[in-house]
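Enquirer: For the record, the sequence lines run as chains A and B. When we follow full-length UniProt numbering, the leftmost residue of the first sequence carries the number 1, and every step to the right adds one. When we follow full-length UniProt numbering, the leftmost residue of the second sequence carries the number 1, and every step to the right adds one.
Incorrect hints may have been included.
Restraint-style ranges between C-beta atoms, simulated for each label pair [said to hold, decoys possible]:
(1) B:G30 / A:T9: 49 to 59 Å
(2) A:G182 / B:R2: 26 to 36 Å
(3) B:F66 / A:T302: 52 to 62 Å
Below, a list of computed lysine to aspartate or glutamate pairs in the DMTMM-like style, where the Cα atoms sit at most 25 Å apart [unchecked claim]:
(4) A:K197 / B:D40
(5) A:K261 / B:E117
(6) B:K29 / A:D438
(7) A:K197 / B:E21
(8) A:K261 / B:E115
(9) A:K261 / B:D105
(10) B:K29 / A:D91
(11) B:K73 / A:E442
(12) A:K134 / A:D75
A partial selection of chain B residues facing chain A, derived with a Cβ cut-off under 8 Å [to be verified]:
(13) F10
(14) Y25
(15) I27
(16) F66
(17) N69
(18) S77
(19) M96
(20) I99
(21) R119
Derived by calculation from the structure, the hints in this document are not laboratory data. Quick reminder that beta carbons are idealized off the backbone N, C-alpha and C, glycines included.
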Amino acid sequence: MLDKVQTVTDAKKRYSAGVMKYAQMGYWEPDYTPRDTDVIALFRITPQDGVDAVEAAAAVAGESSTATWTVVWTDRLTACEKYRAKAYRVDPVPNSPGEFFAYIAYDLDLFEPGSIANLTASIIGNVFGFKPLKALRLEDMRLPTAYVKTFQGPATGIVVERERLNCYGRPLLGATVKPKLGLSGRNYGRVVYEALKGGLDFTKDDENINSQPFMHWRDRFLYCMEAVTRASAATGEVKGTYLNITAGTMEEMYARAEFAKSLGSIVVMIDLVIGYTAIQSMAKWARDNDMILHLHRAGHSTYTRQRSHGVSFRVIAKWMRLAGVDHLHAGTVVGKLEGDPATTKGYYDIFREEFNPQALENGIFFDQDWASLNKMMPVASGGIHAGQMHQLLTYLGEDVVLQFGGGTIGHPHGIAAGATANRVALEAMVYARNAGRDIWNEGPDILRAAAETCTPLKQALETWKDVTFDYASTDSPDFALTPDVSM
Amino acid sequence: MRLTQGQFSFLPDLTDEQIREQAQYAIDKGWAVSVEYTDDPHPRNTYWEMWGHPMFDNPDAAAVVFEVNECRKEHGSKYIRVIAFDSSHGWESIRMSFIVNRPSDEPGFRVVRQEGEGRIIRYTVESYAVREPEGRRYA
Numbered sequence: 001m002l003d004k005v006q007t008v009t010d011a012k013k014r015y016s017a018g019v020m021k022y023a024q025m026g027y028w029e030p031d032y033t034p035r036d037t038d039v040i041a042l043f044r045i046t047p048q049d050g051v052d053a054v055e056a057a058a059a060v061a062g063e064s065s066t067a068t069w070t071v072v073w074t075d076r077l078t079a080c081e082k083y084r085a086k087a088y089r090v091d092p093v094p095n096s097p098g099e100f101f102a103y104i105a106y107d108l109d110l111f112e113p114g115s116i117a118n119l120t121a122s123i124i125g126n127v128f129g130f131k132p133l134k135a136l137r138l139e140d141m142r143l144p145t146a147y148v149k150t151f152q153g154p155a156t157g158i159v160v161e162r163e164r165l166n167c168y169g170r171p172l173l174g175a176t177v178k179p180k181l182g183l184s185g186r187n188y189g190r191v192v193y194e195a196l197k198g199g200l201d202f203t204k205d206d207e208n209i210n211s212q213p214f215m216h217w218r219d220r221f222l223y224c225m226e227a228v229t230r231a232s233a234a235t236g237e238v239k240g241t242y243l244n245i246t247a248g249t250m251e252e253m254y255a256r257a258e259f260a261k262s263l264g265s266i267v268v269m270i271d272l273v274i275g276y277t278a279i280q281s282m283a284k285w286a287r288d289n290d291m292i293l294h295l296h297r298a299g300h301s302t303y304t305r306q307r308s309h310g311v312s313f314r315v316i317a318k319w320m321r322l323a324g325v326d327h328l329h330a331g332t333v334v335g336k337l338e339g340d341p342a343t344t345k346g347y348y349d350i351f352r353e354e355f356n357p358q359a360l361e362n363g364i365f366f367d368q369d370w371a372s373l374n375k376m377m378p379v380a381s382g383g384i385h386a387g388q389m390h391q392l393l394t395y396l397g398e399d400v401v402l403q404f405g406g407g408t409i410g411h412p413h414g415i416a417a418g419a420t421a422n423r424v425a426l427e428a429m430v431y432a433r434n435a436g437r438d439i440w441n442e443g444p445d446i447l448r449a450a451a452e453t454c455t456p457l458k459q460a461l462e463t464w465k466d467v468t469f470d471y472a473s474t475d476s477p478d479f480a481l482t483p484d485v486s487m
Numbered sequence: 001m002r003l004t005q006g007q008f009s010f011l012p013d014l015t016d017e018q019i020r021e022q023a024q025y026a027i028d029k030g031w032a033v034s035v036e037y038t039d040d041p042h043p044r045n046t047y048w049e050m051w052g053h054p055m056f057d058n059p060d061a062a063a064v065v066f067e068v069n070e071c072r073k074e075h076g077s078k079y080i081r082v083i084a085f086d087s088s089h090g091w092e093s094i095r096m097s098f099i100v101n102r103p104s105d106e107p108g109f110r111v112v113r114q115e116g117e118g119r120i121i122r123y124t125v126e127s128y129a130v131r132e133p134e135g136r137r138y139a
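Isolated chain B (complex conformation) (with noise of 0.2 Å):
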């Protein structure tokens, strides 16, 4: 399976210079551009791995491609996503959420159905991926 989680998953996996593009949107937009990373991809998984903090004062988004690929050189087997901070009155939260890495396989998720009475069924989706401790999930 893909991920489609993020801005820009049902395109061609952006490249440096695309990834620098678009976090350099951010950046004009007055919006704090950072790195993250995961092994577990859950759709419910808020809180990745911060590779460092938000960039707050960074003009460039060179840095950004840099990190990235610090980002990469140790975590380049894990899905790692580029998001970008709005601290402004009324919104305070995400604005922009793009992956630009992911492993080579990905195994995607599991749907596991607890039956109850009356044809109800809870679910629960289960990344196949974390049945393994973390750090050990993708090759």
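Extracted from the complex, chain A is given alone in its bound form (with noise of 0.2 Å):
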């Protein structure tokens, strides 16, 4: 490695016209010591066969902040070593040959107050087509207290989303309206009033669930917020619909929130595709006007499932708690999605956190303080079932939203039955864990106990016993949990 290379610093050779490599403009600076202002980006480089990782690392700092591949005269015009983001740390990733951890710290000067969309324009902005690099990946971010300071954070936040819905305790349960495509309006509000009813606390569209013409979303609204109504009525629950206000532009977006709020709605949803501006936007809305605001995270696995190239989803998450939503996917560690325990819960603890300490086991690279932001509500979605209970309330703790779509509308005796096998579950689990069972291991029996008393929950666990997704993650954290780990 380039371990010595110098930043040139006699200014008539540094500003000579040429090309000249990015470690010897000053984007490699070994002996830098981060600020407590600094941004700091964590990256997974991936050098092109014969490519330094010290000029790599360099290059990446200068594509991200103020290089470009020729030298320019007019950087004497700024105050261009405060400005120029600095690599100074390059550690080869364990087990992983011809991939480096390149830590590079960015002056806070840099970035916009209270704009994500700021932030990632620099830092994932260009780089990630650069020639010189195979691949590249965003780990992991420490974002100083004084930008955190600039922004919303989530709307509501879990503490006052459990007041507005008078439900304390227990994690929140939810299910998805399936089939999630094709139901005209009318039906679609009978799934949510039966699930709701059962003993779901929410109920949620889905992703692509917009305005189509077998369902204009008018239609939905008012169906759902019938069944929202009568459910509550039914139970004497404070219950929700997740209405997602996704459209072509902020204007229709604005529209449809707004006629979710007239009509009572206590939450509105976006999907991840509608940009970091328009996520912005809405949180602003949601704060505005008592709103709780769901975000789905539509396509993020396009860029973060594989390993060597993309931004990691702890890094979206982060700035998604900047950004200011309510409740985000965060994976199930058992249901069909993406998602591996350890990595799966350093995005919980940065969902929920006051304060992430470095984990390394976890994924999690930097300290990282929220300076009392709100904490978001994660989400656990996607091939779940009561008979997982025992091992969701493990993994994922109380303040979460467990959604069984597929384990509530496809119970075998109806919808209601559905849901209420899965409250049952989740209240005798929550139960037996404050009395003191060991439910890790007691799970199935407490379950099988509790049924005696439900029989929509004995048909569920006899319908699901056998399911379960057992595949190799693709993203499993790179450092077991060893005390020797030099970070």
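From the two separate chains plus the hints, produce the assembled complex.
Expert: Dropping the structure here:
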């Protein structure tokens, strides 16, 4: 490696026209100690054959801050040393030949306050197509308190959401209406009513339910709110349905959000694909209108799933907590979608804790102080059922929305029975945990006992008894839990 | 109907021993447990009547069960819940809430629909019981 590479400090040499290595231009500073106010990014870099790792790291620092491919004299019109991002550390990735972790520090003045769009335009704007790299992945970021404080954060937050729902001490329960496309408004509302009356707290539109020929959005909202209100009256509980307001323009999204509000909905939903600025706008609207904001992470796996290239979901989670959503899907560990337990714990901690200490075994590379930003409620969805309740409660804890779509609607005796089965399983498991039972080992017994007085649960356990999704994860932590990792 | 607010309303009604067990879990977490009652169980009725202050320094859940039973003597025909309050920074709200007493007859709620233009409906959920004045709502 180019450990000995020196920044060219002689100004005449440094700024003479032509091409110079990024490491020599001042983007590699191995002696640099990041300031408390710096943004730090950790990239996994895979240089092209023959490209030195330090030069590659310096190039990433350069291209994500001030540099272009050649020397420009106009640098000298600025305090350019301050504005240059500084790669200050490059480590080989354990057990992954050809891959390196590059630590890069950015001065706070490089970023506009309160703008995810601006942050990301720098950090992931240009560099991911850079030819000297085979692949590049943004693994983690350290966001300084001074920057965190420029963001609104979650519109409602876990605590206030619970106060509004009048629901404490247990995970919330939800279900996504299925089939996700094709139901008419009237039929769709039936599913919502049955599921909520049966015992769920929330139902949910799927990511691609917007306003289609089979069901236009106003129809959906009207029938859903009839269902929500009827279910609330039938149970005496606050109920909600995530009305997806995703649309082609901001004007249309605001119109749908206002209509949802006028009908008394407590929650609206958006998709990640609407973009960071649209998300921030809706978060602001949600804060101004006492609305819980659910974000479906539609599209994220296109860039989060592969280990060598893209953006880790833990970074997306951090951006979304800044941006201000209340709910975000974060994996189930045991369900049908990607999610190694250690990595998923890292995501959940980013959502729910006030301070994240470095935890390499969970993929968290930096201490992160959230500076009293509200907490985000993680949502676990995809291929989970009542028989896994002890595993879900153990892995995911209490502040989570457990969404059983198929596991509610697919119940052999109907949607309300499916909802009741899930609610009874959940309450029985929380009860047993609080009473000191070892739910991880005794879970199946606890469920069987609860099913003695609940036929729907008995039927659910029988229907899905053998369903598991046991595949190797494509994105697990690089570091095992060992005390001697020198980071 | 059966009011299903709280953590354990889908389970069979808790025995005193089970109430003690759950309250002890809260106490061991450092949360203050208190007892509240109401004859207005509307889902958005936040403020049930307090049966005394939260029991901030009480180490033994038997005292909670005692208070529940004292409350039952006076308000046995109403809803009574046990809640646990966590004062730690970043939460400063309720951690647990479960119903420990309910009226023998629960009439439930009706939906009032005010129909507006363009199929808009403004909904109100109203407890049948609150048509009577406070204190005269359940037998």
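Enquirer: Hints first: check each against the structure and report whether it holds.
Expert: Status of the hints after comparison with the structure:
1. B:G30 / A:T9: 49 to 59 Å: About 57 Å separates the Cβ atoms of G30 (chain B) and T9 (chain A), which means 49 to 59 Å holds.
2. A:G182 / B:R2: 26 to 36 Å: holds, 35 Å
3. B:F66 / A:T302: 52 to 62 Å: With Cβ atoms ~59 Å apart, the hint holds.
4. A:K197 / B:D40: Holds: K197 (chain A) and D40 (chain B) sit about 20 Å apart, inside 25 Å.
5. A:K261 / B:E117: Holds. K261 (chain A) to E117 (chain B) sits at ~16 Å (cutoff 25 Å).
6. B:K29 / A:D438: holds, 17 Å
7. A:K197 / B:E21: This hinted pair is violated, its Cα atoms lying about 29 Å apart.
8. A:K261 / B:E115: holds, 16 Å
9. A:K261 / B:D105: violated, 34 Å
10. B:K29 / A:D91: violated, 42 Å
11. B:K73 / A:E442: Measuring from Cα to Cα gives roughly 38 Å; hence the hint is violated.
12. A:K134 / A:D75: Not satisfied, since the Cα-Cα distance of roughly 29 Å exceeds 25 Å.
13. F10: Holds, about 5 Å.
14. Y25: Since the shortest Cβ distance to chain A is 4 Å, the answer is holds.
15. I27: violated, 11 Å
16. F66: Violated, about 20 Å.
17. N69: violated, 20 Å
18. S77: violated, 17 Å
19. M96: Nearest chain A Cβ about 4 Å off; hint holds.
20. I99: Since the shortest Cβ distance to chain A is 10 Å, the answer is violated.
21. R119: holds, 6 Å
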